[in-house]
Amino acid sequence: MAVGWDEAADVAAWRGLPPLPGDVAADACVVGLGGSGLAAVEALLDRGLTVVGVDAGRVAAGAAGRNGGILCGGPDAYLHSAIAEWGEDAAVDLYRATLRELDHLASLVPDVVKRVGSIRLAGLPGDPETSDEAADHARELLDCDEHEAALRKHGIAVERYDGSLGRGLFLPDDAVMNPARRAIGLAELLSRRASLHEHSRVHDVRSEQVTTEHGTVTARVVIVAVDGRLDVLLPQLANRVRTARLQMVATAPVTPGRLHCPVYGRWGYDYAQQGADGRLSVGGGRDRFEADEWTNDTEPSEPVQHYIEHIAARFAGGPVQVTHRWAASVGFTVGAQGRALCTAVDDGVVAIGGYNGTGNLVGPVAARAAVRLALDGTPPPSCFAS
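Each step along the sequence shown adds one to the number in our numbering, with nothing skipped, and position 102 is 109.
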């Protein structure tokens, strides 16, 4: 399966990290080297611990390197909706924490993160194609009013967007990236201080012990930072998280400057960004085929891909040529009002995941909370399910 992000020169040239060389010991072990796992590695190192990190494949070969690459403040739910579900303090605190995480990420890999803002578009670009789409577009415009009011109330930057793509909101604090470049850049930095290993699939996690296909890591602290298929690795979480497939395409170059920043539309279900080379990276449609997308399968499916190709043309403003198709597994929480998971599952073992499709910044915030829980016994903030 060809992943569009992997065409970047520095991703294609990644020399990789060695597999675990056998049985090893450290103060801490991190399972999963995506965005959240690498944040956990950094936080543990900053506390003076020795750290071993392992991943089943290449760094960011899962959803961490296959997502839409949009760095948006806040959780999955828009701020006003999160406030209604969680309360004002929890929702606003998480939003501010994700913006701090974005600042930190930009300081670590400034050549990867582009602070261009993002657009929440009501509906999709262009005129509605059906009466149902027109009605939904009108409802979303009203929701944008509530979203804007909540952001302004809490001093978070927002502007009205009324442009060639349609109408909605512009969020100037947000950013865009190639997610594979982000993870590889962080892994390269952190591998100078930690022992990081690719292609070392974990078979079992328990207190002070992580068993992989190449050996066992003994550590008093274990952070499991796996999002998709977390319920497979840790069956005790099967009733708390479940796995979904998210799908994307990349296109040949379209009109330069068509999307000057990442755009997410139709209630955030569909999203796109345009690279400097004019190519679009477009994803979405999971809600249109929801029953089929609750799966551990990571092969693209024809119905969703057909839908994404259609919306890619909407984002492009004309016909597109698809050059890459891919999918990835992500985690969603069950019965947690959209909160991501940060919870102890055994003595010294903390699991994070269930980011509900918004792990790029929520994941690292959860990782830092997990380290505080594991080392200090500090309960996670109320924006997480514990």
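Worth flagging that the hints you see were computed from the coordinates, not collected in a lab. By construction, the Cβ of each residue, glycine as well, lies at the ideal position given by its N, Cα and C atoms. Please note that the accuracy of each hint is not assured.
[What the hints assert, rightly or not] Listed below are the simulated EDC-like cross-link pairs for lysine to aspartate or glutamate, each with C-alpha atoms no more than 16 Å apart in a straight line:
1. Lys121 / Asp110
2. Lys160 / Glu95
3. Lys121 / Asp211
[As the list claims (entries may be wrong)] Label-pair distances were calculated between CB atoms; the ranges are:
4. Leu148 / Arg103: 24 to 32 Å
5. Thr218 / Thr302: 21 to 29 Å
6. Gly133 / Gly342: 32 to 40 Å
Right, here's what the structure says about each hint:
no., hint, result
1, Lys121 / Asp110, "holds (11 Å)"
2, Lys160 / Glu95, "holds (11 Å)"
3, Lys121 / Asp211, "violated (38 Å)"
4, Leu148 / Arg103: 24 to 32 Å, "holds (27 Å)"
5, Thr218 / Thr302: 21 to 29 Å, "holds (26 Å)"
6, Gly133 / Gly342: 32 to 40 Å, "holds (38 Å)"
Hint violations for this structure: number 3 only, all remaining hints satisfied.
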